[in-house]
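Student: What follows is the residue order along each chain.
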Amino acid sequence: MSSDNTTDGGSTDALTKTREARMGAGLDDRFNSKLREAFGASPFILTKFDKFMNWVRGSSMFMLQFGIACCSIEMIHTYAIKHDLDRFHAGVPRASPRQADVIIVPGTIVSKFAPRMKRVYDQMPEPKFVVGMGSCTISGGPFQEGYNVVKGAEEVIPVDIHVPGCPPRPEALIYGVAKLQERIANGESSPVTVKPYELEQFGDMERDEVVDQLADQIDEDTLAMRYNWADSP
Amino acid sequence: MSLEPVRDDTLDADGNVDPQAILDLLGDRVLDIEEHMNADIAVVVRPDTVEETLLALRDEAGFDHCSLVTAQEYEDRYESIYHLKQYDDPTNEVSVVVPATKDDPVSQSGNAAYRTCDWHEREAYDLVGIEYENHPDMRRILMPETWQGHPLSMDYDQDRPQVVTLGQHDNPLKDDIRDEENDTMFINIGPHHPATHGVLHVKTVLDGETVANVESDIGYLHRCEEQVCQNGTYRHQIMPYPDRWDYVSAGLLNEWAYARAAEDLADIEVPEYAQVIRTMGAELCRVAAHMLALGTFALDVYGDFTAIFQYAFRDREVVQNILEELTGQRMMFNYFRLGGVAWDLPEPREDFFELTRDFLDGLPGKLEEYHDLITSNEIFQLRCVDTGILEPEVAKSYGATGPVARASGVDYDLRRDDPYGYYDELDWDVVTEDGKDNYARVLTRMQEVEESAKIIKQCVDLLEEWPEEERTIQSNVPRTLKPENDTETYRAVEAAKGELGIYMRADGTDKPARFKIRSPCFSNLQTLPEMAQGEYIPDLIASLGSLDIVLGEVDR
Ligand code: SF4
Chain A
1 MSSDNTTDGG STDALTKTRE ARMGAGLDDR FNSKLREAFG ASPFILTKFD KFMNWVRGSS
61 MFMLQFGIAC CSIEMIHTYA IKHDLDRFHA GVPRASPRQA DVIIVPGTIV SKFAPRMKRV
121 YDQMPEPKFV VGMGSCTISG GPFQEGYNVV KGAEEVIPVD IHVPGCPPRP EALIYGVAKL
181 QERIANGESS PVTVKPYELE QFGDMERDEV VDQLADQIDE DTLAMRYNWA DSP
Chain B
1001 MSLEPVRDDT LDADGNVDPQ AILDLLGDRV LDIEEHMNAD IAVVVRPDTV EETLLALRDE
1061 AGFDHCSLVT AQEYEDRYES IYHLKQYDDP TNEVSVVVPA TKDDPVSQSG NAAYRTCDWH
1121 EREAYDLVGI EYENHPDMRR ILMPETWQGH PLSMDYDQDR PQVVTLGQHD NPLKDDIRDE
1181 ENDTMFINIG PHHPATHGVL HVKTVLDGET VANVESDIGY LHRCEEQVCQ NGTYRHQIMP
1241 YPDRWDYVSA GLLNEWAYAR AAEDLADIEV PEYAQVIRTM GAELCRVAAH MLALGTFALD
1301 VYGDFTAIFQ YAFRDREVVQ NILEELTGQR MMFNYFRLGG VAWDLPEPRE DFFELTRDFL
1361 DGLPGKLEEY HDLITSNEIF QLRCVDTGIL EPEVAKSYGA TGPVARASGV DYDLRRDDPY
1421 GYYDELDWDV VTEDGKDNYA RVLTRMQEVE ESAKIIKQCV DLLEEWPEEE RTIQSNVPRT
1481 LKPENDTETY RAVEAAKGEL GIYMRADGTD KPARFKIRSP CFSNLQTLPE MAQGEYIPDL
1541 IASLGSLDIV LGEVDR
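So the sequences go chain by chain: A and B.
Numbering of the first sequence is given in the numbering used here, commencing with residue 1 and proceeding in unit increments.
Numbering of the second sequence is given in the numbering used here, commencing with residue 1001 and proceeding in unit increments.
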C-alpha cells in the first residue's frame, strides 16, 4: 500500500474528485454506517475464521417453532409485531428441528412429553442451543409439586440460557436471546450437562463406558427412556 | 335448540326441575338423595344402573347435556358424578352419583347415553382408578400408558419414580395395509407440530388423501392442575392457577370460573362495582383470545404469517396493554379475589377509559379489515365453507359448548342462560350461526368480538359514572375460608372456548377435598373425528384449527 493511497480515502485530490464525481459532493451516504466509516475505502477486516464463524452463528439464528404451554404465547408475541425478534437476528422460525439452531423451550414439561422433546432436540443439527423460557423450565415452576411434572428442562436436555418469569415478558426473552448471541459470538459452546455423567455412580468410568452401560439398560422393545436419572428405578 | 320438544313433565310451571318428578321417573333405581348446591336434585344410583338412569334422564326429562363426569375417592368408597344439564336451560341441573366399592371400583359406563362420557370416563379411570364397564376403549388418556398407579387416588405414592417409554420409534409405515382394496398409511401429527396449537398428538390413518381414522392423543401438557388446586387454600392459593388453564390471555374468564364456584360454596357476596369490572375484564380477555384464534386459524388454513397473523397480534397487544393497566400483568393476571377484584381501576381513571375507548373505536374498522382479508377471501372460503361439518345433535352428545356449539346452531351461552356478573343488566346478543362448518365457527368468533366490544363499552360507561363513594371492590371475606364439610357444588361460566366449570367438594378444611375442572376444549376436541373422518387431510387441519383448542385446558 503506497503512501499516496491511504485508507482514509481522502488524502489526494484525484481520489476525492473521483469520489465526488461518482457520488455527489460532501460526505457520501455510503459511509452512513460506523463500520464502513472505520473501514474507509478498503473494506477488509482480518479476523480468525473461528471468530468469524461464531459471529455469524450468533447473528443469524434459526429458531425452532416449538410451543409447549403458556410461555409459548409470549414467545409468539416476541416473534410477532411490536417486539419482533427478527430485528435481533433471531427471528426465522423453522418448523422442522432439522433446520433449526436454537430451541426455545417455552413451558411446562411433563412426563409424557419429555421423551418427545428429547427427540426433537436430538434431531437438531450441531451446534445447537437451548433457551429455557419461564420458571417451568427452570424448576417446574408453579407446577413443581405435580406428580407428572418434570422439574425443569435440564432433566432432559442441556440448557444454555434460563429466562425466569411466569411468563417472562417478551422483552425478557429478547434479552435472553441476546445474551445467548453474545455467548455464541464469544465462542462459548453449549454446556454439556447430560445428567448421567454427573452422577457419582458413574464417576470413575470413561465416557464411552457410561454410554455402553446405559445402553444395556434400555429395553429394546419399548425403548424406555428415563427422564429423571437420579431417582428412576 | 333441539329439534324435539323437551318433555316438560319433569319441569314445573316456571320451567324449573321438579325433583319429585325426577324421583318418580327413576323409581326404585334411586338409592338415596344427596345435596349438591348447584343441582336441583342429586340422585344416588347403583353402579349397574347407570346406563338406564342416564338414558331415562336424557330421553324422558330432556337432560341432553352431560357437562362433566367427576370421579373421586372417599375413605370408604369411590364415586363418579355425572353432572347433567339441559342445553335449553342450563339452570336445570341434575347430578347422578354413582358409588363404587373400594376393593372393586367398577361402574357402568354412560357412553351409551352421552358420547362425551368416553373421554371423561377414561380420565376418571386414569387419574382416580374407577373402571367403567361397557366402555368402548378403557385405557389411560392423560398419563403415559406405562404409568403405575392412579395419581388422584388416596394410596398413590407420588415419590415413586416412573419410567416413560417412547413408542413412536416404531416405523410409522410399518402397519400399512396394502392389498387389493386397501391402501392406507399411518401418520403422526404432533405432538410437536405447528398446526396442532401446542402439544397435541393426532394419530391419523390416511387412505389416499382421505382421513380414514383419526384419534387424538392428549396428555402432553397434563400439569396436575387438579392436584395443585387441591393442595391450595381457597382464599388465595388457587386463584393464580386458572390463568394457566386457558392461557391464551383468557385468564380473567378462567379466574371467574373458580371465583364463581368458590363464592357459591362459601356464600360470598360480590359488590356490584366489582362485578362490572369483572365483566369488562372478562370480555377484554375474550377479545384477546378470539384474536389469537383468528390469527392462528389463518395461519393454519392458508399459511398467512405476514398479514392476518400479525394483524391479530397487533390487536392482541393493544388488548394486553389495557389488561396490563388494569391488572398489572400481560397474561397471568391473578386479578380476581373471592368477593371482588384485587384493586380498583388504575389512576388516573380518565386515561384508562380513554385507552379502552380508543381501542373500541378502532375495532369496527379492524374487523372490517379482517372480513376483507379473511372471510371474503376466496382461498379461505374454499378451505372452510362446507368442511368440518358438525351436526348440532352430535355436538350436544359430545358436550360441545362455546363458539363450536353456537356455530352449529346450538343456542347456548351461559352468560345469558345462567346469568352471573353483570351480563343480565347489559344489552348484547348471543351469536349463533347455522353453517355448522369451519367457516361458521370463524364467523361466530368474529361476531362475538363485536358483542364483547358492546359489553365493554357499556361497562366503561357505567364505571365512569359510578359514584366515588360506592366503589367497593371487595366484600368482606374472612381470611381463611372453611366451607362446611361435604358441601359440593359445580359452577360454570362462559369462557372463551365454552362452558368452563369447576366442581368442588369441601371437607371442612381450608382446602378443597376434590377440585375438578370441566374444560370446554376437552369436550370440544372429542368432536374432531366426527368432523374429520372421511374428509380430506387439509380439512382435518382446518377443522382442528377451527375448534380453537388450548392444550393447557384440554390436559389441565
Ligand atoms: S413458566 Fe408460567 S407461564 Fe411459563 S409455562 Fe410455566 S406456568 Fe406457564
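Among these hints, one or two may not hold up.
[Stated by the list, open to error] Below, computed lysine to aspartate or glutamate pairings styled on EDC-like, alpha-carbon distance capped at 16 Å: (1) B/Lys1457 with B/Asp1429; (2) A/Lys151 with B/Asp1159; (3) B/Lys1457 with B/Glu1354; (4) A/Lys82 with B/Glu1354; (5) B/Lys1454 with B/Asp1427.
[What the hints assert, rightly or not] Okay, the calculated bits of chain A under chain B, using three or more residues with CB under 8 Å as the criterion: (6) 67 to 79; (7) 105 to 117; (8) 140 to 146; (9) 174 to 185.
Rather than coming from a laboratory, the hints here were simulated on the basis of the structure.
Here the structure is a predicted model, which is why all the values come from computation and not from measurement.
The beta carbon of each residue, even a glycine, is placed where N, CA and C say it ideally should be.
Student: For each hint given before, does the structure comply? Return the numbers of the non-compliant ones in rising order.
Tutor: 4 and 9
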